[in-house]
Amino acid sequence: MLPRSHRLGAAVRRGLLLSILSPVALAQQAAAPEPEPGARTLDTVQVTGSRIRRAELETQVPVQVLSREDIDRSGFTSVAEVVQNLTASGAALNTKFNSSGNFGFPPDGGGVGAGAATVDLRHLGAKRVLVLVDGMRWVNESSASGVGSSVDLNTIPLSIIERIEVLEDGASSIYGSDAIAGVVNIITRKDVDGASVQLHTGDYSDLAGGETWGADLGWGGSSERARWFVGASYFKQKEIASTEYGPASVPVPGTGLSNGSSATPHGRFVFQDPDTGVVYDLTPNTGDTSPAFDPAQTGCDRSDGFHCFGTPDRFNFAPYNLLLTPSERKSLFGQVQFDFSPTFGGYVRVLYNERESANQAAPEPFFLGTDAGVYNEWAETRLVISATNPYSPFDFDLTTMGDSPNLFLIGRRPVEGGPRRFVQEVETWYASAGLNGLFDVGARTWNWDVNLMRSESTAEQTNSGSYNIRRINEALSGEAACAAIAGCVDLDLFGGPGSITPAMLAWIQPVVRDRSNNSISLASANITGDLFDGWAGPVSFAAGVEYREYEGEYQPDPLTVAGEYNGVPSGPSSGEYDVREAYAEFLVPLMKDGWAGKSLDLSLAGRWSDYSNFGSTNTGKIGLRWQVADEFLLRGSFAEGFRAPSIGELYGTLSRFDATLVDPCNVPASTTPACVAEGVPADYEQSNPQISVVTSGNIDLQPETSRSLMLGAVWSPSFADATAWSDRLDLGMTFYRHTIDGAIQALDAQTILERCISTRDPVSCGFYERNARGQIVRFDNILGNVGTIRTDGWDFSADWRLPEQGWGQLAFAWKTTWVTRYELVNEAGQAEPRAPGVEINNSAIPDLTSTLSAVWRGGGGWQAAWTARYIDRLRESCAGANGFDICDDSSNDRNDLGATTYHDAQLSWGTDAWMKDFRITLGLNNVFGKDPPICLSCSLNGYDASTYDLPGRFWYARVGFGF
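Residue 1977 in the working numbering sits at position 573 of the sequence shown; the count goes up by one each step and never skips.
Any given hint might turn out to be false.
[Unchecked claim] EDC-like cross-link-like pairs, simulated, lysine to aspartate or glutamate; straight-line CA separation at most 16 Å:
#, residue 1, residue 2
1, Lys2334, Glu1648
2, Lys1734, Glu1829
3, Lys1640, Glu1760
4, Lys1640, Asp1743
5, Lys1642, Glu1732
6, Lys2334, Asp1610
Hints listed in this document are in silico derivations from the structure and should not be mistaken for laboratory results. Note that the structure is predicted; figures quoted are calculated from it, not measured.
Just need the whole structure built from these sequences, with the hints factored in.
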């Protein structure tokens, strides 16, 4: 029997020879020999997190591997669903988000990402996760609403994936910018022999809609000198209306119309009679298509065509939303790897992906007047509704102009024009090519590779159901003024639903088209091998250089650029930058088979980066791997990180974000001393649950820097090997800590309001302005380097395989993440509200998340699996539900979201007797139909779509075969 070092060295050489056609050294798996009797190994080799080829079975950093079998067993149909259900994942975009233009543009300049799906690790945000495909970067998303700063995983079809490797540690010194929270490395299929077909379908048994179906075709093969694989994928998912889920049918569950919109089909009119000085807040009586106004009736006891506006008049916009958004994706993928000689090869890899997705919102409201807060002069400062408008019930002008404007607010919901529908059409293409090989340096073999890559994502969003605010202004300007404008049709805002005719709509309702583009170009060269033999083994290295160029552009419709779009305004943005980098990594064995254990290895890595817009920076990493015994490993690392601001963060122009906020000075709090000092009138009432916030990128942003600490242990006890009760047992534990300085984001708008009112903090109070009526009409929340994020926690894992019996074999896998700290402290030393156990801003950080899977493999091709997914309890602000029975504790503004456990089941049977690799699978996710806990602070649908499943069960069926 060979000594262990010889066996591992042989494994390395064989692994290198088998992988000479791979484009980069990382993301490859060294081929390990079959273990000899009595030999002890820990686990399979995983090398994401290092560019040095190695044969250790556990490296200095924790890497979670999702095999093809794991992916199939999940029942999920997209990459995003798979990685978003890891215990270390945080809130990220998915198709349950009805993100569209009605929310506006978030402060990072990246747009709402409508239809996209991303991944967040350690709750640090998707922009701090680096996504690789076969070790190379992927292009950032485009959804035609900004310049995205994270990868849309929907552009990568699940069918082409062999496995997914997730590094849950900082790795900027290995991979460069963005790898602060971790790295997701998607490994595509390469060793495929023959053709394969897979058909799948699924549906929600408790909800109408949401049907999914798809087909995946693949063909691969090999010759003496080549390997190839081509694949085609199709996937379609239908929408589910929010009316299918009770809590999603109202703006805030349990509050009726209290949080509804003041823009209604009948209209809300807040104005001052210029003759009497009386201020009115009125709405037409239901059914009165030509309401009369009597100025002599100055109160709410009225007999004319109006009554005072109240909660029962508010508009319920929720039924127009979607619980699940539709998505259709088509993909083509191909790669070929060719050996020019035994030591020299090359590869070509291409992908094309199309996505069509949609979002929907309630009919777009008209907010007109000095209280509108929509940042549009045609609605706020240049509007006169003439008394000569043929439909106006008033014998005086309503104006926002001059020194004494008397039009404070009109809120009209044009249901005649239908809901807003945002349709995204996205095309993504990727092409890479490279050469690779190996050569001998003395008695040692070194590997090298050079790579070129170009990828681009282009999107167009078509928005129907929106309006031209300039034309609305003109159509209200009076009969003569409108007649003087070619095509103008007088507009009736006063006659209730149905009063806006098709001719009026034709004048004011355009189709709006926005576009965006993201692209990346990359060239790299890498080399790795053993430098020399040290006292404890060979000293290995990897080194390389890389050049990347990023370009991004967002171009809103010309109507929006001209300031005539009635919806959420935004401006065009574009930018580009490039970066040159060089890195080196060393693996130094310090001890082998000594008094302190089996081995002790030191890893060192450093990276130099030179950005065209920031200058140069350096990052480093140090790690230790201590193999105390064959069955026990200790490891740790300390890494510096770096993230350059994205194009959207740097160059995003002024846009609007309609945030769901509760004004702390809303009645009855308007009479408190703090609100009186703010100049709020005693009868002040917040007009709408959404307050418009100005957002923007910031050219003065500086890069983020980070520090990451990881300490861990892996134990595979020999007493659990090949016994009557256990075939194998592996236990793991990891402590992590991330600190990010100069974190790029905007402060929480709700916290800004509350901090200003409660402490009179001048910085917080400087973010917004009120008008004389108390309404917030300006709120600036520009992106900045706001402070420091600190988070730490623990990961635990256990994998237990029982001995094989006559009835089959059972295996259990348990993974848990415990977040012990998360804090964001702004530059003033004030803590922002996000923390473990808290739901805020449509995202949560559960203290504990855990998964437990049981897999049975029986005879005759049968397999079954049961998975339990646990999410710990959360707390949130009651927000607009404060004071209602549904809020658990209104006096302390606290609502609790109970702990939630989902159960998933799957049964499959396979055989080669009928045809090659035939397997049929039936599954049911959320077996017990668990509904998500009701969320009172969430913006839409009454639950947190980034943390919980849709309500009810999802069944699926899949059949696959080859030939």
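Hints, one by one, checked against the model:
At most 16 Å may separate the alpha-carbon atoms for a hinted pair to count; lysine 2334 and glutamate 1648 meet this at roughly 15 Å. Proposed proximity of lysine 1734 and glutamate 1829 is supported: the alpha carbons are some 12 Å apart, at most 16 Å. Restraint check for lysine 1640 and glutamate 1760: satisfied, since their Cα atoms lie roughly 9 Å apart, inside the 16 Å limit. For the hint pairing lysine 1640 with aspartate 1743, the CA-to-CA distance comes to about 38 Å; that exceeds 16 Å, so the pair is violated.
In summary, the hint linking lysine 1642 to glutamate 1732 is supported, as the alpha carbons are separated by about 8 Å, within the 16 Å threshold. As the CA atoms of lysine 2334 and aspartate 1610 are separated by approximately 11 Å, the hinted pair is consistent with the 16 Å bound.
In terms of the numbered hints stated before, the structure departs from hint 4 and from no other.
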